[in-house]
Amino acid sequence: MNKKLFLLVWLLSILLGPVTVLIFILRSPVPLNNLLVVNLIQRVVGLVAFVLLFWQVVLGSFMQKWIEKLGAWVFKWHLTEGAVAYSLILLHPLALLVFNYIARHVIDPFYVFTDFCLMCKTRPEFFYTLGRLSFWLVSAAVLAAKLRTLPWWRENWRKFHILNYAVFLLVAVHSFFIGSDSRSFPFVIFYIFSVPAVLYIIAVKLISYLKTS
Numbered sequence: 002m003n004k005k006l007f008l009l010v011w012l013l014s015i016l017l018g019p020v021t022v023l024i025f026i027l028r029s030p031v032p033l034n035n036l037l038v039v040n041l042i043q044r045v046v047g048l049v050a051f052v053l054l055f056w057q058v059v060l061g062s063f064m065q066k067w068i069e070k071l072g073a074w075v076f077k078w079h080l081t082e083g084a085v086a087y088s089l090i091l092l093h094p095l096a097l098l099v100f101n102y103i104a105r106h107v108i109d110p111f112y113v114f115t116d117f118c119l120m121c122k123t124r125p126e127f128f129y130t131l132g133r134l135s136f137w138l139v140s141a142a143v144l145a146a147k148l149r150t151l152p153w154w155r156e157n158w159r160k161f162h163i164l165n166y167a168v169f170l171l172v173a174v175h176s177f178f179i180g181s182d183s184r185s186f187p188f189v190i191f192y193i194f195s196v197p198a199v200l201y202i203i204a205v206k207l208i209s210y211l212k213t214s
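For the sequence shown, position 147 (counting from the first letter as 1) is numbered 148 according to the numbering used here, and the numbering increases by one without interruption.
Some hints could be false.
What the hints assert, rightly or not - Taking lysine to aspartate or glutamate and the DMTMM-like style, the derived pairs with C-alpha atoms no more than 20 Å apart in a straight line are:
id	residue 1	residue 2
1	Lys147	Glu69
2	Lys5	Glu69
3	Lys70	Glu82
4	Lys4	Glu82
5	Lys5	Glu82
6	Lys122	Asp109
7	Lys206	Glu126
8	Lys4	Asp109
9	Lys66	Glu82
Stated by the list, open to error - Restraint-style ranges between C-beta atoms, simulated for each label pair:
id	residue 1	residue 2	range
10	Ala204	Ser29	37 to 43 Å
11	Pro19	Phe117	40 to 46 Å
12	Asn34	Thr150	24 to 30 Å
13	Leu211	Val107	34 to 40 Å
14	Leu91	Leu16	37 to 43 Å
15	Leu134	Met2	31 to 37 Å
16	Ile103	Glu126	41 to 47 Å
17	His106	Ala73	48 to 54 Å
Simulated from the structure, these hints should not be mistaken for laboratory data.
The beta carbon of each residue, even a glycine, is placed where N, CA and C say it ideally should be.
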């Protein structure tokens, strides 16, 4: 795979989310209003963040091989992509904050970011909890990456950075059961491919770890 082909595949995967939401808009009989616009932005941001998380796992898991195939630029690409991914991940719940304010005239960041539950009152609340958990886990992974140049973190940051695997799977479950975009064409094509691919990567990494430990 050369650089141009990689970037083409990457771009096409990114566009699947916005295209899926655009198809929804074209088919929806509901006229656009402020509430719907915020909801659509939140959905696009969430879908693009999901795709970027996938690429973070794919690139980060085999970085040396990617560098050998594509060149050293792919490492800087990975870092930049990670920053963009986290920005979108942060924007996703912030959009929910705005949505709730427009809908109910209430600003409640504690509900959006910290209202965890296991025995939740409703089924959707459990999957919202998975979203909240994934946000804090990816925040920990990003913090570990930022601190990787410090003495203690230099040796241990990867142990925290592997949280990205758990984050991706949690987000996959969250997105599947909240809304319908991940089950809608054309994004469902990427979803069906990406989840087994990440599970395969986790299995490969786990087997490799067990063999060397």
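The hints, checked one at a time:
no. : hint                        : verdict
1   : Lys147 x Glu69              : violated (24 Å)
2   : Lys5 x Glu69                : holds (15 Å)
3   : Lys70 x Glu82               : holds (19 Å)
4   : Lys4 x Glu82                : holds (16 Å)
5   : Lys5 x Glu82                : holds (17 Å)
6   : Lys122 x Asp109             : holds (18 Å)
7   : Lys206 x Glu126             : violated (32 Å)
8   : Lys4 x Asp109               : violated (44 Å)
9   : Lys66 x Glu82               : holds (18 Å)
10  : Ala204 x Ser29: 37 to 43 Å  : holds (40 Å)
11  : Pro19 x Phe117: 40 to 46 Å  : violated (31 Å)
12  : Asn34 x Thr150: 24 to 30 Å  : violated (47 Å)
13  : Leu211 x Val107: 34 to 40 Å : violated (49 Å)
14  : Leu91 x Leu16: 37 to 43 Å   : violated (22 Å)
15  : Leu134 x Met2: 31 to 37 Å   : holds (34 Å)
16  : Ile103 x Glu126: 41 to 47 Å : violated (21 Å)
17  : His106 x Ala73: 48 to 54 Å  : holds (51 Å)
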